[in-house]
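UniProt numbering numbers the first residue of the sequence shown as 1 and each following residue consecutively.
If you're looking for bench data, these hints aren't it; they were derived computationally from the structure.
Every value quoted in this text rests on a predicted model; they were computed, and no experiment measured them.
By construction, the Cβ of each residue, glycine as well, lies at the ideal position given by its N, Cα and C atoms.
Nothing false has been slipped in among the hints.
Just the calculated beta-carbon pair ranges, DEER-fashion:
#1 S248 x I105: 51 to 61 angstroms
#2 F177 x N90: 40 to 50 angstroms
#3 I26 x S150: 20 to 30 angstroms
#4 R241 x G304: 15 to 25 angstroms
#5 E214 x L321: 35 to 45 angstroms
#6 R317 x R378: 18 to 28 angstroms
#7 I221 x S36: 14 to 24 angstroms
Derived lysine to aspartate or glutamate pairs resembling EDC-like cross-links, with alpha carbons at most 20 angstroms apart:
#8 K368 x E306
#9 K368 x D264
#10 K368 x E324
#11 K142 x E214
#12 K146 x D217
#13 K374 x D305
#14 K267 x D284
#15 K254 x E355
#16 K8 x D59
#17 K87 x D217
#18 K325 x E306
#19 K290 x D264
#20 K87 x E214
#21 K254 x D315
#22 K325 x D296
#23 K251 x D315
#24 K325 x E291
#25 K267 x D367
#26 K8 x D63
#27 K251 x D354
#28 K368 x D305
#29 K267 x D279
#30 K290 x E306
#31 K325 x D264
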Amino acid sequence: MDLLLDMKTILLTLVIGHLFTAVFIIAYWRQHKNESTIRYFFYAKCLQATAWVILIVRDGLSDPLTISLVNSSLFIGYAFETISVLKIQNILSKLTRNLYIALTIFNIVGFHSILLFDNVEKLRISFVSMGIATGLLIPAYKMIQKRAASMVTHVLGYLYLTVLVFLLIRTVSAVFFETLISFYHMNGNQTMVLLGQYFVMIAGNTGFILLMKEQTDQALIRLANYDDLTGTLNRRTFITRTNQYITSYAKMQKPITLLLFDIDNFKSINDTFGHDTGDQVLVDLTTRMKEQLGADDLFARYGGDEFAIIVPGMDERDSSLYSEKLRQAAEGALVPGLQLSYTISLGVLTVIPDERTHLEELYSTCDKALYQAKRNGRNGVYRGAVDKQLVHA
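Starting from the given sequences, assemble the full structure and let the hints guide the process.
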């Protein structure tokens, strides 16, 4: 079979693969138009497909116009793809984004300087390979070293590392061994480069789609487990995890503390300033409380303006100090953008659980302590008494 026909066949599959992915992205994008991650990846696929279309139309010619258009499209396309992969994992900072913009501009300007003033193929190959390899360095490192990342993330990171190593080998071959691994030479190296591009495309497209699915799954899990407004655990998840704590600490015979608190006169705040202001107060309160939490504490919006915290391993003395610290964190706080302050009242209960301990009874006892704090004048802490008959009901 004619090798040039093989080249066109591979290029055509590259174009189809990128456009096929772009079609699916458009279908998803229509319902998520504000997601810049999808937009960046769509642009990447279009630019990469454009590069291969140019090679097909130009019959693989290595004239300056073809070389300029193909490499410019690939530089920008790879930059967009890398940005989208970093962004979908929430590891793209503003500094990194600006770095990629600067790197892409540098690559295009530097490449065209070689093309105009010293158009030697080995220099072009070396510059392009190093430019793209530099862009792959950040995602490869971040995805591989991220311990909490999924297997998909690690595999994609190693894929980028493999491509990076190949690009470095390509650079060394061109500079030191005069072996040109290029798109424009009808030999085994050309076929290897194009097939490599094909497999990178398949792996990259599949990897991005799987990462997007992971992000969607995580969003659904968060939606199922957390309160939309405050970002705290919702009631159902709090109950499930608290019961796990009760079982665990009953085996260790160590104490756990339940705190219930709400905002004093919150109904008055809503009636006077409106529910939007009330929501801002809730968000401000949870922000202040989160700053005081320990690593193992559970924090939930139990309903309305009532919140619950489970503190494992803390005895009565320490939990009393802890409760007072929470009260002081809210006392006199001014909600940002509003001339409005608020206070909270807290009920506290500390027990050493056993296999018969039930959260419902603990909650009931602690809730009574909370209302006693209200009756005592609000902006205070009241400790509930442990009723053994209730705890072991």
